[in-house]
Amino acid sequence: VDKDTLFREADIVSVHLRLSDRTRALVGARELGLMKPTSYFINISRGPIVDEAALIDTLQRGAIAGAGLDTLDVEPLPKDHPLLKLDNTVITPHVGYVTEEGYRAFYSGIVEDIRAFCSGEAVRVINPEVLESSQFRGPT
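Those letters in the sequence shown? Residues 238 to 377, per our numbering, in order.
The reader is advised that the hints may include incorrect statements.
Said to hold, decoys possible - Beta-carbon label-pair distances, calculated as ranges:
#, residue 1, residue 2, range
1, 253, 347, 19 to 27 Å
2, 299, 265, 34 to 42 Å
3, 322, 285, 20 to 28 Å
4, 339, 256, 13 to 21 Å
5, 248, 290, 22 to 30 Å
6, 275, 348, 40 to 48 Å
7, 352, 324, 44 to 52 Å
8, 313, 342, 44 to 52 Å
9, 362, 294, 16 to 24 Å
10, 349, 242, 29 to 37 Å
11, 239, 354, 44 to 52 Å
12, 251, 318, 21 to 29 Å
13, 245, 305, 13 to 21 Å
14, 353, 321, 38 to 46 Å
No lab work stands behind these hints, which were simulated from the structure alone.
No residue lacks a Cβ here, since even glycine has one placed at the ideal position from N, Cα and C.
Generate the whole structure from the sequences, applying the supplied hints.
Below, the structure is given as structure tokens:
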């Protein structure tokens with residue numbers, strides 16, 4: 238579906254994007270204004286993807302049911318930040334990716350890479366040409 242239909246019809250809008258020039262402020266007052274009063278907005282990607290002032294206004298007015306935020310424009314939030322005063326918003330400390338499966342998938346690859354490096358092998362090296370440089374190998 239197109240973005241407007243998504244915001245207009247979804248019960249939960251959950252953002253999972255990397256931050257780039259194209260995604261900065263992708264969700265603003267217009268998109269939030271399309272949401273149903275019974276819907277929830279979730280952001281576990283990057284804070285600046287959402288216009289935080291527009292989100293705060295939307296939540297303060299009760300224009301949507303609530304929000305779940307795992308990432309914010311400023312982290313940690315100042316103690317007097319308006320988001321902390323809202324009873325329709327849950328904020329987590331940027332741990333939305335934390336699951337046993339996620340850790341296993343992420344860290345098992347790192348362990349394999351470290352073991353390979355220590356054995357003089359290269360695993361998943363994006364720029365393998367650097368492995369041949371004298372600066373990388375160090376003094377001989």
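Numbers of unmet hints, in rising order: Numbers 2, 8, 9 and 10 - these are the hints that the structure violates, sorted from lowest upward.
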